[in-house]
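Chemist: Chain by chain, the residues:
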Amino acid sequence: MMNNKEFIAELSGKTGLSQKETAQYASQLVADIAMQLEEENVLSIAGFGTFEVKKKLERVVVNPSTKQRMLVPPKLVVSFKPTASLKDKANGK
Amino acid sequence: MKGGTDMESKMTLQDLTVSFASRAGIRNNTADDFVRNFFELIALKVVEDKVVKVKSLGTFKLIEMSDRESVDVNTGERILIPGHSKISFTPDAALRDQVNKPFADFQTVILNEDTRIEDMEAFPVSSVDLPTDEDGDVEVPHIVIEDTPNVDGHGENPALPQDVVSSVDEGANAGTVEKTVGGNADAVKENEGANDDVAKEEEGTKDDRLEADIQEKDQEAEAVAAVQEASDVPAPQSLMMEAVPQVKIIHKGVSPWFTFAYVLLTLLLMAVSYYAGYRHLLNFDAPREVRTVRTQAAPKAEISVKSVTPAPVDSLTLARRRAMQASKQYPQVPGGKYLIVGTRRVHVMRVGDSLLKLALKEYGHKDFAQYIIVYNKFPNPDVISVGCEVKMPELIENVTE
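Protein chains in written order, with this note's numbering: chain D, 2 to 94; chain H, 3 to 403.
Keep in mind that a hint or two might mislead.
Pairs of lysine-lysine residues, derived as DSBU-like cross-links and limited to a Cα-Cα distance of at most 35 Å, are as follows [as the list claims (entries may be wrong)]:
{"#": "1", "chain 1": "D", "residue 1": "Lys-76", "chain 2": "H", "residue 2": "Lys-379"}
{"#": "2", "chain 1": "H", "residue 1": "Lys-393", "chain 2": "H", "residue 2": "Lys-379"}
{"#": "3", "chain 1": "H", "residue 1": "Lys-393", "chain 2": "D", "residue 2": "Lys-76"}
{"#": "4", "chain 1": "D", "residue 1": "Lys-56", "chain 2": "H", "residue 2": "Lys-379"}
{"#": "5", "chain 1": "D", "residue 1": "Lys-88", "chain 2": "H", "residue 2": "Lys-393"}
{"#": "6", "chain 1": "H", "residue 1": "Lys-63", "chain 2": "D", "residue 2": "Lys-15"}
{"#": "7", "chain 1": "D", "residue 1": "Lys-57", "chain 2": "H", "residue 2": "Lys-57"}
{"#": "8", "chain 1": "D", "residue 1": "Lys-57", "chain 2": "H", "residue 2": "Lys-103"}
{"#": "9", "chain 1": "D", "residue 1": "Lys-21", "chain 2": "H", "residue 2": "Lys-339"}
Hints were generated in silico from the structure; no laboratory data involved.
Construct the complete structure from the given sequences, taking the supplied hints into account.
Modeler: Written out as structure tokens, the structure is:
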């Protein structure tokens, strides 16, 4: 488990920037990513993975306990697909 | 509205770096270094620490999948998928909302009891997920819990699917899909200039009307579905937006004639079936009525109704004539609808029996008791002793010619 604080600290150590700068850049980068995704661009990061916005159609769901049926509206969701190399790393190869 | 793959463009790490550098006001190689380290660290730590949270981006998680059995799609063989690790990404709420902004006004709505799901299949967007538990979608419970408080709100969305939202809210009997399909039918109708129908449907009051319209437009709706499937656009809103003009093109020449022919055919069919039914009533009126009398032909009565019932018309009249002849030797109920033509069987009265009950059991109605009384010449039909033999008359319908 690594939270944002630890992440920034570690990143600052790697890049040699101050933690404050790192946090600032990181939020800038994240905002940039968010902006790209908002425009429905596919964001493919070599060696990491692909961020993509996918459309989910509206659908009917049933609450199993009450049998209440509901119409869930269509939505846009962010999906992430890791690259093969990252998958391999995850599986300890 | 944005939709379709044509609007999307592919951004690479380099593109992102350049964009980031200019926005953050730093040199390209610094930005490049930073972005690379950023993602490398996430990749490294998600493997090491299982979970990495990045502020306002989201959470990356390493999920252990245990072994599971599956079926080879091609061969149908059972195969074992070995356990492995998966990397999942859950976007931060802020990012999720930002991306979903175009659809942000949509809310989950509770469907009425009488909303018919079967109609969903006729829904142009045929790939709509029907209520699925097999879907196994992790989102399902999540949505149910989270969106329920919002359910009552009316959406103010300009896009077409809002029809869906409002129609359900109004609690109209018309199913969601009927409404939506009706929407397409509207589009077609507008071509024909039948605007009053459209107005009525917008009021959401003419459900029957709507259904009738849908039936008429059913095939057109199928055509719509076909067109939309062909267009292969995943999102409903873009389907809707694109479908309408396409429908117009398709039905511009065909629709009025098609509708006309359809209505004509329906009327013709109705006329034919009505005529057939009426004729049937006229010709076979008599035997039908006879059939209401139970026709358990007694061995004694050769001139039984049974032989009459399924027989063709001329033999029927023949048998009838003979029966009428036979009826003269029996006492008859004056003005009765049926003639007594013989003895069907003999009943020995037991404790608890009554002529009314016998009539009901034998002929299906207690009023037939009078035939029994007349046939047996009971002086006092109210008093009939136990053990008395009661002859059950064979009856045919009395037709005065």
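Chemist: Each hint should be assessed against the structure and marked as holding or not.
Modeler: How the hints compare with the structure:
| no. | hint | in the structure |
| --- | --- | --- |
| 1 | Lys-76(D) with Lys-379(H) | violated, 86 Å |
| 2 | Lys-393(H) with Lys-379(H) | holds, 10 Å |
| 3 | Lys-393(H) with Lys-76(D) | violated, 81 Å |
| 4 | Lys-56(D) with Lys-379(H) | violated, 88 Å |
| 5 | Lys-88(D) with Lys-393(H) | violated, 95 Å |
| 6 | Lys-63(H) with Lys-15(D) | holds, 22 Å |
| 7 | Lys-57(D) with Lys-57(H) | holds, 25 Å |
| 8 | Lys-57(D) with Lys-103(H) | holds, 14 Å |
| 9 | Lys-21(D) with Lys-339(H) | violated, 108 Å |
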